[in-house]
Amino acid sequence: MTLLAVDELRVSVRRRGTELTVLDGVSFAVGAGQCLGIVGESGCGKSLTLRATMGLLPPGATRTGGDIRVGRSGLAMVFQDSHASLDPTMRVGTFLADVVRRRRGGTRAAARRQAAELLAAVGVPDPDLRLRAYPHELSGGTRQRVSIALALATDPRVLLCDEPTTALDVTLQAEILRLLDTARAERGLGVVLVSHDVAVIRQVADVVAVMYAGQIVEAGPAADVLDRPQHPYTRALIGAVPSLDGPVGPFRPIPGAPPDPAVYTPACRFLPRCGHGDAACRGPVPGVHALDLRHRSSCVQHSTHHKERT
Amino acid sequence: MRIKITACLLLAMTLAAGGCGTAEPPADDPSGRGGSLTILRAADIDGWDPDKAIQLATFQTLPQVMEGLVRPSLDGASIQPGLAEKWTLDARAKTITFTLRKGLTFSDGTPLTSKDAAFSVGLWRKGLSMGTLYGAITGTATPDDRTLVIKMKKASTFTLAWLGNGSSIVVPKDFGGKSRADFFTKPVGAGPFVVSSYQPGQRLVLERNSRYHDPARPYLDRLVYDVVADPNQQLLRYQSRQADAIEAVPLDLAAQIPEEERVLVHPSATIHGIFVNATKAPGDDIHFRRAVSLAIDRARYAQAVFGGLAAPATGGLPPRVQGSVGCGCTYETGIDKAKAELAKSSYRPGTKVELVVDATTPFSTRAGETAAAQLRAIGIDVDLQKLEVQVLVDRQAKGAYHLSLGEVGSVSPTVGDIFGLIVATGGLYSGLPMKTIEDAFDRLEVARTDEERGAAVRVAETWIHDNLPYIPTAFPDRLFAVSPKVKGLKVTPFLSYPADLLQAG
Amino acid sequence: MTAVTFFRARFRARRGGGRVRWVAVTLLALVILAAIFAPVLSPDDPARQTLDQLRPPSADHPLGTDALGRDVLSRMLYALRTDLLLMVFAAGLPMLAGTVIGALAGYHGGSLDAAVRWVADIFQALPVYVLLIAFVFVLGPGTPSLLVAFGTLGWIVYARLIRTEVRRVRERDYVSASYLLGLSHTTVLVRHVLPNSLRQSLVYLTTDMGLALQGIAVLSFFGLGVEAGTPELGAMVAEAQVLLRSHWWLAAFPGLMIIVIGSSVAALADRFNEDGEAG
Amino acid sequence: MSAGRLRFVAARLVQVLPVLTALLLIVVLLQQLMPGDPARVMAGPRATVEQVAQVRRDLGLDQPIFLQFWAYLTNLAEGDLGRSNRTGIPISAIVGDRAGATLWLMAGGLIVSTALAAPAALLMALRPRSVAARICARSLTILVNCPPFWIGLMLASVLALRTGWLPVGGFGETFGERLRSMVLPSLTIGLAAMPLLARSAAGSLRQVLAADHVTTARSLGITGWPLVRRHLLRNAMPPAVTLLSVQAAALLFGAVVVEQTFGLPGLGAELVSAAGQRDFPVVQALTLIFGCGIILINLLADLSVALLDPRTTWR
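Chains as they are written, first to last, in UniProt numbering: chain A, 1 to 310; chain B, 1 to 505; chain C, 1 to 279; chain D, 1 to 315.
These aren't lab readings, by the way, just hints derived from the structure by calculation. As the structure is a prediction and not an experimental result, all values here were calculated from the model. Take these hints with a grain of salt, some might be off.
[Said to hold, decoys possible] Far from chain D, some chain A residues (derived; all Cβ distances over 10 Å):
| # | residue |
| --- | --- |
| 1 | Gly31 |
| 2 | Val70 |
| 3 | His136 |
| 4 | Ser147 |
| 5 | Glu175 |
| 6 | Arg178 |
| 7 | Ala183 |
| 8 | Asp197 |
| 9 | Ala199 |
| 10 | Val204 |
| 11 | Ala222 |
| 12 | Ala223 |
| 13 | Arg235 |
| 14 | Pro286 |
| 15 | Gly287 |
[Claimed, not checked] Derived lysine to any residue pairs resembling SDA-like cross-links, with alpha carbons at most 20 Å apart:
| # | chain 1 | residue 1 | chain 2 | residue 2 |
| --- | --- | --- | --- | --- |
| 16 | B | Lys186 | D | Arg83 |
| 17 | B | Lys186 | D | Gly82 |
| 18 | B | Lys398 | D | Arg56 |
| 19 | B | Lys186 | D | Gly96 |
| 20 | B | Lys178 | D | Arg83 |
All C-beta atoms, glycine included, are put in the ideal place defined by N, C-alpha and C.
Based on the provided sequences and hints, a complete structural model is requested.
Laid out in structure tokens, this is it:
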């Protein structure tokens, strides 16, 4: 069952008086109990995609096209930096109880009890004590758990997670990811998880979408995309991550930098950094939708290779 | 430098009224007693200690509370009784003998005797700032409670006139047992009014002195002076009738006062002119000074700067006071003559000549611009500089200037007043030797007749005309705004008005 | 909101903002041109005094004459020259000084930062008026003293602004990333930190330019200000202040010009503001 | 209060000391800095060089500067601000007499400017693209460029003189009179101070609005007034308090002009006239009082900001 479907999302940002289209034709869907991982370098538009989906674009950015279909249930979001994303002037419990009451009604005391339960549910030890704390008094891991508890307090069907573990160390990272996994399994949540870290994605995602320069360039089941990447960017991305499991290869950063939105074209945007391109890459490239479980990429070279091989 | 007489130097042109009341009975029905008036002034009194008097307001107000032995008459031509009902000047014995009125008391009820008057004379003489003005006095004697004898080293008629000035006020002997500072924060005198309340810089409330020697006066029960520096605010208060009169309205605002509410003093006993530093080039050259004098078109200047509310200067001493006989010469104007004089002088075209003016009023800046324009027209390269008024005074005193613009107003009814100031300031900061003026003043001081006075003054006028220690340009008017409620305001050329004769209609 | 209404709203908003800015730019351009061509445009010599004093606007004197019978229009045109320069320098110098000081203090931190903060604290704890008096008195009224006074008092705001911004930006990832790449301090400061910080300063600068004009007017109100005789808008307003109710045109036109210049410059700043929001 | 906060307060108090010292030094140096010899002003235009010297001795101006500084400090330590050179009145009395008008004016100005600026700031921050916000922003731009003495004069001559409802100036004696007489000056100073206040407040609101935690709150369905009240205002409060403190300092400057325009007997007007008369004991005392006032306001602002922010511990 599809809980969230985003279709041909377009977002522009105004800079020095001109409109720049920074997200173009981004489509994806997520079903109950499913985890969609969106991976890409910084600045490729992953976070903006989540914010646009949530309807929380920063000032200056506007959605100029596309369709977002959400089931009856709501969306909730977990942010990257739990330090900045929690109101510093409010005790954790006050905030959490506020959200609970807003969603479920009831008395203050009841809301507070439920808040404590929620904290316990996300694995915060000694929840009653923590409720009285200010965000800055909590450890990074606990704060992120609080963020998740806040998100869960709205009883969402889909959880959008924006780099939820980036600010944490590896042990905590694993714990938070496990927590998300549990929440998904127990509540049948759909999860969209954005990360620049292929390892994180590999750990939790069922379906993977690779973004580059405001577009999805490759999508499909996690195993297919991550083990048999079709797009040279995906290959580079995976290659750029030192893998603990695989053979220890040399660390190869992708040469060059992603293009500025001002010079986005219908042609392959990875071409300048690719190294395998030819004339075909300069024409329009096909868009990739992460709507189903088929594995595909926008690389025209791959399709020709593929044809030659078959 | 010996100082004899004073005048008020009004560089700031912060004009307030000065002078003293008079004992002349009012012509109209004296039954109009009672009521209260509020008068606006731009600057507050300098406090109650007469030795600190600088502002005209101080000379005006002090005798209202602490009356002196004598006061000047309304036309300024003579001396009227004050606390003393009569006096005789013995030229041979060099004494003045005063007889005090009968039954005089201070406002607190203490009797006022010749001992108090003698103490006061001592106080004036010892004054740090004013002391030398009483330099002719050598001592006092008090043969009885109502008789005071002032002994002098010469038969100075000027000293008698000066005793009518606002700084010659009678206080209780030994300040009634208080310290000088304490006494002058809560002064007690025998004037027509008592201080009801005083907030320095804001408001002075005077009330009728019920023990005043003249039971008919003052007519007012209450007289309030509000200090308002901002001219617009002054006018707004007046127009909204929060105040009944303005002492010396800035001439800029004259047009906004209805014709029937103006009391114009035309002209006042004030000289407006260009002061010259004659101790250094180019002012040290008489040809240069003459060129400057010739360059100023006085009629045009009076129109341009004062909007016609001034008379072109016809002499070097103020008009309309005792002894003002004029110069008997003329201050000529002519561009060609001026250029010729300039050519004769050591001044070389292109050399900057500083003209410093007071920065604090648009009026003085404008006067500076007019003067500068007229001087530039004959080829003097004027560098007009606005200076904050105290800086200006400082530079004048130190001789650190070329030309400056200033005004000198008389506070007393005799032209000799200005003589003293001219001598004391070296010819209004020219640095020229003042021997001639000093000698002329010595003659004026003991002059008994108008002829003797006229002869002495003419010597000074002629010397000023020939040597130009300063260049007189105009005799400005003063304008009082007076609402129909106010009756009995009569202003002398030296800007005093008898407050005890004011009535609220 | 459907896409269509969304677009309309946005279009309107953009056109609205653009129009105001266009008007501002045009006005400012006109003012600058008027200042440049003042000698050509002036109907009269701005310094020529006549006995036609305080005349209301007429064909001969489109904006009337002042208390010395000078043509107000001509004086105003020449005043633009004085004021535009004064505005740029009175606001620009403090910004320059403040930016440099603030950037150094913010970037290096430590004792330099503490010293700057100390000095700034002291300056802010003093009644500005007394300082202005002291400055302008010590140096004598006139343009140089004005500039020194504004410069000495004005840098603090910029220094604080830049310092805070530099410290904030400095702690952001990309600066540390640039560090790792081995860029020098200056490069980091100039390439990454300053551009980000300067935008805010520029917004402040545009406000400051208007305020500088006003500051000069207020100083003129107290008799300080530019040299006597130099046509200057603030001085014209202050001098005509006593005549405001009888000869309104004397203060009204220069006053209006101050508002026009100040507002136009401020409207230019909106551009930075909006970009700031977008970025 | 936690130990950390106490430490913060103590540290902030210690920071005041050098500022205070510098202020004192400047106050004493004022006399040296300002041209115009106070002795000559006091002695009057007809005084001789010897008399001026005598006055200078009487005023203690012939002493070396460090002795003057020391004398000033010791007197100050005894709570003695000295006496006015001109009137001989103790300065404490002058201040007591004059402080009322200035305090009234500042309170009135703060109330008016805050009352006007707060809605304007909210409007401009929350609905930046609305027509009302745009009109508001433009009007502020125009208002900020109006010389304050203009605003005052217009209010007085149009509002007060025409209608006669309010006094055109002065301070009045009774509480009621004072209240009435403060309306126009407060409005003047409030109108003059309000544009910058509104703009900066809108700016800091916008900053809070763009902060991550507000996004979080919105993502959790908190919108509208609850968002403004619970999350925006609370977080915008510290910068607003800082702004207000800066504003209060600016009001002191504005007060000088407004007191002049409305003929109010305040400290600012007294400072102007004392400076003009080179009455240095008064100038020094008032400078010191203004300076300490501003230091105190800044201190209180910093402390309350610190107390408002639960994160404050050390620095």
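Could you let me know if the closest chain D CB is still more than 10 Å away from the CB of valine 70(A)? Answer for valine 70(A): holds, closest chain D Cβ roughly 13 Å.
Do the alpha carbons of lysine 178(B) and arginine 83(D) lie within 20 Å of each other, as the hint requires? Holds, at about 18 Å.
Distance rule for arginine 178(A), whose beta carbon must clear each one in chain D by more than 10 Å: holds (23 Å)
Decide if the proposed pair is consistent with the structure: lysine 186(B) and glycine 96(D), CA atoms, cutoff 20 Å inclusive. Holds, at roughly 18 Å.
Lysine 398(B) paired with arginine 56(D) [C-alpha distance capped at 20 Å]: holds (16 Å)
Please verify that the nearest CB of chain D lies beyond 10 Å from aspartate 197(A)'s CB. holds (20 Å)
Would you check whether the claim that alanine 222(A) is not at the interface survives, using Cβ distances to chain D and the 10 Å cut-off? Non-interface label stands for alanine 222(A): nearest chain D Cβ at 26 Å, farther than 10 Å.
Check the non-interface label on glutamate 175(A): least C-beta distance to chain D beyond 10 Å or not. It holds; glutamate 175(A) is separated from chain D by about 21 Å at its closest Cβ, greater than 10 Å.
Whether proline 286(A) stays farther than 10 Å from all C-beta atoms of chain D, as the label says: Its Cβ never comes within 10 Å of chain D, the nearest being 33 Å, so this holds.
Glycine 287(A): least C-beta distance to chain D exceeds 10 Å? The claim stands: glycine 287(A) keeps its Cβ more than 10 Å from every Cβ of chain D (closest is about 28 Å).
Check the non-interface label on arginine 235(A): least C-beta distance to chain D beyond 10 Å or not. Arginine 235(A) clear of chain D: closest Cβ-Cβ about 34 Å, beyond 10 Å.
Please confirm whether valine 204(A) is truly not at the interface, meaning its C-beta sits more than 10 Å away from all C-beta atoms of chain D. holds (21 Å)
Consistency note: the structure conflicts with the earlier hints numbered 3, 4.
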